[in-house]
Each structure stands twice: as C-alpha cells, then as structure tokens.
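Trainee: Since the structure of chain E is already known, use the hints to place chain V on it.
Protein chains: 2
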Amino acid sequence: MDVKKKFGDKIKKLRLERGLSQEGLANEANLDRTYIPGIEKGNRNVSITVIEKLAIALKVNMKELFD
Amino acid sequence: MDVKKKFGDKIKKLRLERGLSQEGLANEANLDRTYIPGIEKGNRNVSITVIEKLAIALKVNMKELFD
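Chains as they are written, first to last, in the working numbering: chain E, 11 to 77; chain V, 11 to 77.
So that you can see chain E by itself, here it is in the shape it has in the complex (with noise of 0.2 Å):
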C-alpha cells in the first residue's frame, strides 16, 4: 500500500480512538483544518515536521506512526 495512505489509515485510527473530529485534531496540532482529510485520505505528502506535530497532537511517539 502507498506510503501516504498507510499513513492517513494510522492518523484517521488513532484520531478515533481519541474521539477527535479531523478538526480537533487540525486544532491540536495547529494544522490547517481542511489539511487532515487530504492526509487522511493518502492525498498528502506530508512532511516529517508536519509527521511531528500530529505525533505531539495524538500523544504518541513519531514512530508508532509507523507501526
């Protein structure tokens, strides 16, 4: 599976298990709201200091990003 979509399926996870809409989280992770659907969806590219803030916004490591 494409990188970026294996990504978006762990952010969108770990996002519901949180109970946060995409805007909460947008707003925890100073993002722009209308950002985490592209991510979630595989759409974004996203950039290792984007990968941070989401880590610092769902409470994980940046590596569990990746498990």
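Possibly wrong hints are sitting among the right ones.
The list treats identical chains as interchangeable, and a pair is accepted whether it falls inside one copy or across any two copies.
[Unchecked claim] List time: in silico DSS-like cross-link candidates among lysine-lysine, alpha-carbon distance up to 30 Å:
id : residue 1 : residue 2
1  : Lys63     : Lys20
2  : Lys23     : Lys51
3  : Lys73     : Lys51
4  : Lys73     : Lys14
5  : Lys73     : Lys22
6  : Lys16     : Lys51
Since the hints were derived computationally from the structure, they do not count as laboratory data. Being a predicted model, the structure only gives us computed values, none of them experimental.
Mentor: Structure of chain V alone, referenced to chain E:
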C-alpha cells in the same frame, strides 16, 4: 533538538554504518545527489515519500528512522 536535525543525524549514522557515501545513498534512494547533504544537516523538511525511499535504501523499517 529539531526533528529535521535529529532525522539527519540518524540518516548519517545509518549511512556510515553501511559504508555508503552521500552520493551512494542518493543513488540507492533514487534521490538527487545534492539532496542528502541538506537532509543530514537538518536543512530539509523531508516528505514521507522521501523518508520511505531512504528507509528502503538503508534497509530499515521506516519506524527505525525515528528511534
């Protein structure tokens, strides 16, 4: 430490362990030769697709790049 610099240090460490030059790693990863120095210095905000290419070239799982 900045996530880009931490990532760059890890790439350099693994590259040297494998006895690869910066150019050799660029070739293995199908990246432009000039790209690796910037990554190792922490100047590049690498994307998830580039992270995947580096992991494949260094023969590690992506998560190991965030240890």
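Trainee: Each of the hints needs a verdict: does it hold here or not?
Mentor: We went through each hint and held it up to the structure:
With identical chains, the CA atoms of Lys63 and Lys20 are at most 30 Å apart both within one copy (15 Å) and between copies (19 Å). With identical chains, the CA atoms of Lys23 and Lys51 are at most 30 Å apart within one copy only, with a shortest distance of 12 Å there and 33 Å across copies. Taking CA atoms no more than 30 Å apart as the test, Lys73 paired with Lys51 passes in both settings, with 20 Å inside one copy and 21 Å between copies. In the homo-oligomer, the alpha carbons of Lys73 and Lys14 lie at most 30 Å apart both inside one protomer (15 Å) and across protomers (14 Å), since each shortest distance falls under that limit.
Within a single copy, Lys73 and Lys22 get their C-alpha atoms as close as 16 Å, and across copies as close as 18 Å, so both meet the 30 Å cut-off. In this assembly of identical chains, Lys16 and Lys51 lie within 30 Å of each other by CA distance both inside one copy and across copies; the values are 9 Å within and 28 Å between.
Every hint, counting from the list given before, is met by this structure.
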